[in-house]
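*Asks:* These are the residues of each chain, in order.
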Amino acid sequence: MAMLEIKDLEVYYGMIQAIKGVSFEVNKGEVIALIGANGAGKTTILHTITGLLAPKKGTVTFEGKNITKVPGHKIVSMGMAHVPEGRRVFANLTVLQNLKLGAYTRKDKKEIDETLEMIYKHFPRLEERKNQLAGTLSGGEQQMLAMGRALMSHPQIILMDEPSMGLSPIFVNEIFDIIKEVSKSGTTVLLVEQNAKKALSIADRAYVLETGNIVMEGRADTLLNDDSVKKAYLGE
Amino acid sequence: MSFIQYLINGISLGSVYALIALGYTMVYGIAKMLNFAHGDVIMVGAFTVYTLCSTLGLPPAVGILVAVVLCTCLGISIEKVAYKPLRKAASPLAVLITAIGVSYLLQNAVLLIFGADTKAFTSVVPIEPIKLADGQISISGETLVTVLVCLVIMVSLILFINKSKVGQAMLAVSEDKGAAQLMGINVNSTIAITFAIGSALAAVAGVLYCSAYPSLTPYTGSMPGIKAFVAAVFGGIGSIPGAFIGGILLGIIETFGKAYISSQLSDAIVFGVLIVVLLVKPSGLLGKNIQEKV
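Heads up: the sequence lines are chains A and B, in that order. So for the first sequence, the numbering used here puts the first residue at 1; every next one is plus one. So for the second sequence, the numbering used here puts the first residue at 1; every next one is plus one.
You can take every hint at face value.
Result set (DSS-like, lysine-lysine): computed pairs, CA atoms no more than 30 Å apart in a straight line:
no., chain 1, residue 1, chain 2, residue 2
1, B, LYS177, A, LYS74
2, A, LYS184, A, LYS130
3, A, LYS69, B, LYS32
4, B, LYS288, B, LYS84
5, B, LYS88, A, LYS56
6, B, LYS165, A, LYS74
From chain A, some residues computed to sit far from chain B (all C-beta separations above 10 Å):
no., residue
7, GLU25
8, GLY29
9, GLU63
10, ASN131
11, PRO169
12, GLU174
13, SER185
14, ASP221
15, LEU234
Calculated directly from the structure, the hints in this document are not laboratory data. C-beta atoms are modelled at their ideal positions from N, C-alpha and C, and glycine is treated no differently.
Work out the full structure, taking the sequences as your base and the hints as a guide.
*Replies:* Right under this line is the structure:
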């Protein structure tokens with residue numbers, strides 16, 4: 001059974017249909033990439049999964065439970081974290097306050113501290129700047145904070161929306177290395193990216209999204225060498 | 001001597017404004033909306049105590065407790081019925097106009113029940129005034145209590161927001177509702193708690209305001225409400241210490257304006273000061289102006 005299963009999802013913005021019947025699944029331990037151009041519907045799908053948007057049709061099943069109608073704030077404690085597009089860190093709060101908010105649904109102080117230690121190990125820079133306001137961090141550091149904040153909930157699956165957006169090439173590499181580490185430590189990853197080459201290089205499987213439909217799916221290394229994917233998304 | 005007496009009167013008036021402004025600024029800071037009905041919640045609080053204590057003769061403590069509970073429920077209900085359905089509305093003006101509507105609704109409801117004539121409010125503060133300098137200066141018990149209550153509430157609010165989990169959730173909601181929800185924060189109940197606290201403060205403010213200025217009508221809340229809003233903007237809306245400082249300063253300015261310039265012009269002076277402050281420092285005295293990275 002898949003860990004996360006999306007079935008016949010249809011999402012509308014008013015009259016406009018953004019997602020036109022999308023189905024896919026994510027298995028435990030996998031890194032899945034959802035790639036596609038601007039406006040293909042990648043972010044909409046993630047927002048629907050974590051309850052920021054409500055679908056018109058279709059279901060989202062997580063660990064065998066239908067979570068389509070579960071209110072957004074209850075999804076985190078079920079084991080799903082979401083790193084939103086544009087990072088959306090709380091700019092007027094410190095790095096540490098941001099991280100602690102990531103553990104908002106957890107109760108055990110000792111466990112939270114252990115997770116915090118683990119995150120500082122992944123992101124030493126966050127420990128150095130823990131008392132700094134998040135708004136004063138650089139874009140790459142904010143991305144690290146957004147990822148660290150999501151990991152504070154100790155999720156089984158983490159959804160990442162365009163983690164490389166607006167970052168310098170050095171930071172992009174660093175972020176992707178961290179995603180690999182996160183995956184290795186046992187967290188399942190659903191990654192949405194415009195940087196298809198990077199995403200495919202770390203993913204196990206991938207789905208290609210075009211104007212609200214999945215047009216192609218398969219193993220990431222196969223897609224990386226597919227001529228039409230190369231032409232449309234890899235700029236080769 | 002009269003200067004010091006005016007100063008004390010100013011602080012007395014100002015601490016009432018500050019108390020009301022704390023509620024205004026709290027709701028604005030977290031929910032990002034101006035609750036123009038805040039002043040009328042104050043009036044409802046005062047009428048509750050008037051009914052229970054002045055009419056039915058119950059002890060003040062009971063009256064205050066009931067007023068706080070009633071106003072808290074009123075605040076939560078107003079938010080749920082009138083503001084929450086509009087939270088996703090295209091224009092923030094929709095909520096603002098609704099708030100003005102709620103304000104008139106409360107005024108007219110009380111008008112219907114109690115009538116338009118002025119009620120004499122009995123002070124809930126039993127402390128005798130303190131006389132200084134051979135009786136030339138007097139500090140009323142109401143002044144002492146209001147200033148003290150105001151300070152205690154301000155410090156408690158600051159501690160609550162910075163130290164408690166709910167407080168941190170409030171800060172998260174105030175910055176980004178969507179991201180807050182992704183942390184597992186229930187945005188609706190967090191905003192409801194904010195309104196509950198704001199309205200409970202309004203009840204306390206109402207009782208203390210009417211103890212100091214003991215005439216009560218259905219419109220009693222509207223002018224102090226607007227002045228407290230000015231105080232909150234003056235101090236930097238959204239800032240809790242700002243609301244306190246803004247309120248005290250506003251009370252002093254108003255009292256000095258009345259004493260030394262003209263009692264008819266005192267309100268004009270108050271609003272004139274607001275315009276000057278906004279021209280010089282648009283975010284208010286203690287308002288934050290952090291540039292966000294995009």
